[in-house]
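K.L.:
Anchor point for the sequence shown: position 195 equals 195 in the numbering used here, and the numbering is continuous, going up by one each time.
The set of hints was computed from the structure by calculation and includes no laboratory data. Every residue, glycine too, gets a C-beta built ideally from N, C-alpha and C. Take the hints with a grain of salt, since some may be wrong.
Listed next, the in silico BS3-like pairs over lysine-lysine satisfying Cα-Cα at most 25 Å (straight line) [stated by the list, open to error]:
#	residue 1	residue 2
1	K131	K416
2	K108	K152
3	K387	K200
4	K209	K146
5	K108	K70
6	K146	K108
7	K454	K108
8	K134	K577
9	K106	K70
10	K591	K200
11	K387	K209
12	K345	K387
13	K200	K511
14	K388	K146
15	K277	K387
16	K417	K373
17	K372	K416
18	K511	K577
Restraint ranges, calculated between C-beta atoms of paired labels, are given here [claimed, not checked]:
#	residue 1	residue 2	range
19	E557	D451	30 to 38 Å
20	Y541	N168	31 to 39 Å
21	T121	F85	18 to 26 Å
22	M90	D129	23 to 31 Å
23	G140	G37	34 to 42 Å
24	V105	S457	36 to 44 Å
25	I28	I49	28 to 36 Å
26	T121	I94	40 to 48 Å
27	N547	W127	14 to 22 Å
28	K306	E609	19 to 27 Å
29	I49	N168	17 to 25 Å
30	V33	D584	47 to 55 Å
31	N369	I304	16 to 24 Å
32	Y541	D129	53 to 61 Å
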Amino acid sequence: MKKVLEYIKTLYCEKVQRFIYQFKEHWIFYCSVGLIGLYLYGMIVASFIWAFHNFMANTDDKMFTLNPIKCLAAVFTPQGLGIAFFVLIMYLLIKQDWLQYITGVKIKKDERNFYTVNEGTHGTSGWMDKKDMKKTFLLGDADTIKGAILGKVASGGMYQYLGLNADNGLNKHIMTYGASGAGKSRGFIKPFILKTAQLKQSMIIVDPKAEMAEQMSEYLKEQGYVVKMFNLLDMENSDGWNCLGEIGGDIDMVQSVAEVIIRNTSEEGQKADFWDKAEKNLLVAMIHYVCTMKDPITGELLPIQKRSLTTIYNMLSTEGQKSFDVKMQALPLDHPARAPYGIFKQAATNLWGNIFIGLGSRLNVFQNNLVKKITSYHEIDLELPGKKPCAYFCIISDQDSSLEFLSSLFFSLLFKKLSDYARKHGDERGRLPVEVNMVLDEFCNVGKLLDFKKTISTVRSRGINCQIVAQSAAQLADRYPVNEWQEIVGNCDTQLMLGCNDQMTSEYISKKCGNITIRTTSSMAPQTPLFSPITRQVNGYKQNTSNATRPLMYPDEIEHMDNRECLIMVRGQKPLKAMKIIPDELSDFHKLKRTRVTEYVPKWRYDEENGISETDNIIYNDKFTDVEDNEGNPFDEFDLTKVEIISSSVRMDTENKEKENCDENIEVADFDPRPLTAQNMIDKFKKGK
């Protein structure tokens, strides 16, 4: 009996609740209709009762009454309740749901006009039900869900939004497929950024064509984010990032930089040969040498602007092998550049020049003066996203691949730096203080990331999540061939399919959705000619019912999906067909302020245009960037507008936000040998007051 009640509850209670929720605004009307229905039913019951009495008593009294009290009372008589119960039982027996409960076989009609069976003889897949939905996702309104929203499903005449559940034991890596026009930006990336900003988690966003930076950067600044742009599309509007500034004394980092450069400047599918290995060893030696270059007078390391890939390219293009060999011979034997350079010199002497030319050709993008500038200055801290909320936009070209090695370097070193910081300075579980999300839109155009199949399998434990967006499985397989792309996808517990046009993706998704068991019916109706001269006996009409198998979604059905629909596949659960979301459905979408990336003035460019020397080591930004201290924290009290160093005195024009503009002359009695930073200037100003 308990099971029967539970079945009735699951079958009908939700429908009743939906009915109440949907029509509660018209309850007076529906109550009136209900009373009228009871009145008419009571009239019929009363007629049957009196007709039966007349028949038994052999009288001819009237059979009908319009008295509402008598009619309503007749409903609750034993005869009225019995008739209602009889009708209900007949309805349940005729209805398949009740028969399925008795037999244990559930047959459901699919919207594609076939019947599915739960016997599982030929496949046990199917669509995720509401019970599993509640276990797998966070369900609710768009603004109340904490976390990424993947889609929405209809419920009670309204939509329930499906949020990624961080407490179900699955990782937060998301693999998203979407052909051009399938809504990757509007259906996933923009809503993801808006929801992640509510959690104050850091985001590193691949941004083809600068669309996200223009729409989201101002909003993220207002939310307290440190916003930086590594713009390989409009480089005059890019913050500087010097990859050699990330190395420090880490020898493994040198190997990583060299490997990424060589791999991303080689021909597609080309295996590492003698020339690649020789050029890599030469590059490793040159990186070690440049990273340790010192001022011959002070003995201090040269400024970071003098230690960059531009310096290496200048050596290759102007000095040649003999000049560099002299520099190598002058180094101590234990210098880290000596070993890789020694391996380089194992090649035949007549090949040294060719190796130099080959490496120089790989770095020929440094003929561009803007490339030199943005890779010489160092304004982007790769560890900062793990310390405080940051939003870094890596703006790439979706047409020009010549700078792919720079974007690949950026992300390869970013993963390594954040993982090392989490291991050394993270919490007791080795996780970053601030969770970091890698929103890898147009993933295959970023460049080939170093050992990404290993990286994605380990960074989850460091508090780093990857949201990979690709146009198709074929594109992934082309960039990461053999089984490497499948290893990457296999590490994503959530996959989102927004739409596809290619056969490889549709077949892959079809197989991933699995097979189902369906009920098939075959019939045979023998026919004989109407005027057959031969009379013969034939078998009659036959109809057979059996089970068969079919994919939950055929490849062509996936390709022909409604553009408003998407498929959500979560590890350990059945697939779910849902509706796509759009950012307009989130309340914060209306807070976005569009800006133009071409109006962004990075620090290095402002310094050059205003004649501020880099040797002053001033952390300084104008109105387009935030003023920060050495820890990356913004100053709220002052807006620095001009700094001028005059012998042992500092003249600083400041604008106090609480007072009128004024000029202050601060005489420094004892010269402070510390580097002149914005923090030091603030301290001097306050001390002078």
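K.L.:
If a hint holds in the structure, say so; if it does not, say that too.
P.N.:
Going through the hints against the structure:
1. A hinted pair counts as satisfied when its Cα atoms are at most 25 Å apart, and K131 with K416 does not qualify at roughly 40 Å.
2. Straight-line distance between C-alpha atoms of K108 and K152 comes to about 23 Å, which keeps the hinted pair within the 25 Å bound.
3. Restraint check for K387 and K200: satisfied, since their Cα atoms lie roughly 11 Å apart, inside the 25 Å limit.
4. Annotation: proposed proximity of K209 to K146 is violated, straight-line Cα distance about 29 Å (limit 25 Å).
5. Taking the CA atoms of K108 and K70, the gap is about 43 Å. The hint is violated against a cut of 25 Å.
6. Note on K146 and K108: the hinted pairing is violated, with a Cα-Cα distance of about 34 Å set against a maximum of 25 Å.
7. About 43 Å separates the Cα atoms of K454 and K108, which puts this hinted pair outside 25 Å; it is violated.
8. Note on K134 and K577: the hinted pairing holds, with a Cα-Cα distance of about 15 Å set against a maximum of 25 Å.
9. At roughly 43 Å between alpha-carbon atoms, K106 and K70 are farther apart than 25 Å, so this suggested pair is violated.
10. This hinted pair checks out: K591 and K200 have alpha carbons roughly 16 Å apart, not beyond 25 Å.
11. With a C-alpha separation of about 28 Å, the suggested pair K387 and K209 falls outside the 25 Å cut-off, and the hint is violated.
12. Taken as a hint, the K345 and K387 pair is broken in the structure, with Cα atoms around 43 Å apart against an allowance of 25 Å.
13. For the suggested pair K200 and K511, the alpha carbons sit about 37 Å apart, so the restraint of at most 25 Å is broken.
14. For the suggested pair K388 and K146, the alpha carbons sit about 19 Å apart, so the restraint of at most 25 Å is met.
15. At most 25 Å may separate the alpha-carbon atoms for a hinted pair to count; K277 and K387 exceed this at roughly 37 Å.
16. With a CA separation close to 23 Å, the supplied pair K417 and K373 stays within the 25 Å bound.
17. With a CA separation close to 24 Å, the supplied pair K372 and K416 stays within the 25 Å bound.
18. Using a Cα cut-off of 25 Å, the hinted pair K511 and K577 holds, with the two alpha carbons roughly 15 Å apart.
19. Checking the proposed 30 to 38 Å range against E557 and D451 shows it holds: the Cβ atoms sit about 37 Å from each other.
20. Between Y541 and N168 the C-beta distance comes to about 53 Å, which lies outside the given range of 31 to 39 Å.
21. Separated by about 37 Å at the C-beta atoms, T121 and F85 break the suggested range of 18 to 26 Å.
22. As the Cβ distance of M90 to D129 is approximately 28 Å, the hint placing it in 23 to 31 Å holds.
23. Range check, G140 to G37: Cβ separation about 36 Å, and the 34 to 42 Å hint holds.
24. Roughly 42 Å separates the CB atoms of V105 and S457, a value that falls within the hinted 36 to 44 Å.
25. Between I28 and I49, the C-beta spacing of about 31 Å keeps the proposed range 28 to 36 Å intact.
26. For the hinted restraint 40 to 48 Å between T121 and I94, the CB-CB distance of approximately 26 Å leaves it violated.
27. Look at N547 against W127: about 18 Å separates their beta carbons, and that is inside 14 to 22 Å.
28. A C-beta distance of roughly 21 Å is found between K306 and E609, which places it inside the suggested range of 19 to 27 Å.
29. The supplied range of 17 to 25 Å is broken by I49 and N168, whose beta-carbon atoms lie about 58 Å from each other.
30. Between V33 and D584, the C-beta spacing of about 38 Å breaks the proposed range 47 to 55 Å.
31. Between N369 and I304, the C-beta spacing of about 18 Å keeps the proposed range 16 to 24 Å intact.
32. The hint said 53 to 61 Å for the Cβ distance between Y541 and D129, and at roughly 38 Å that hint is violated.
Taken one by one, the earlier hints fail for this structure at numbers 1, 4, 5, 6, 7, 9, 11, 12, 13, 15, 20, 21, 26, 29, 30, 32, listed in ascending order.
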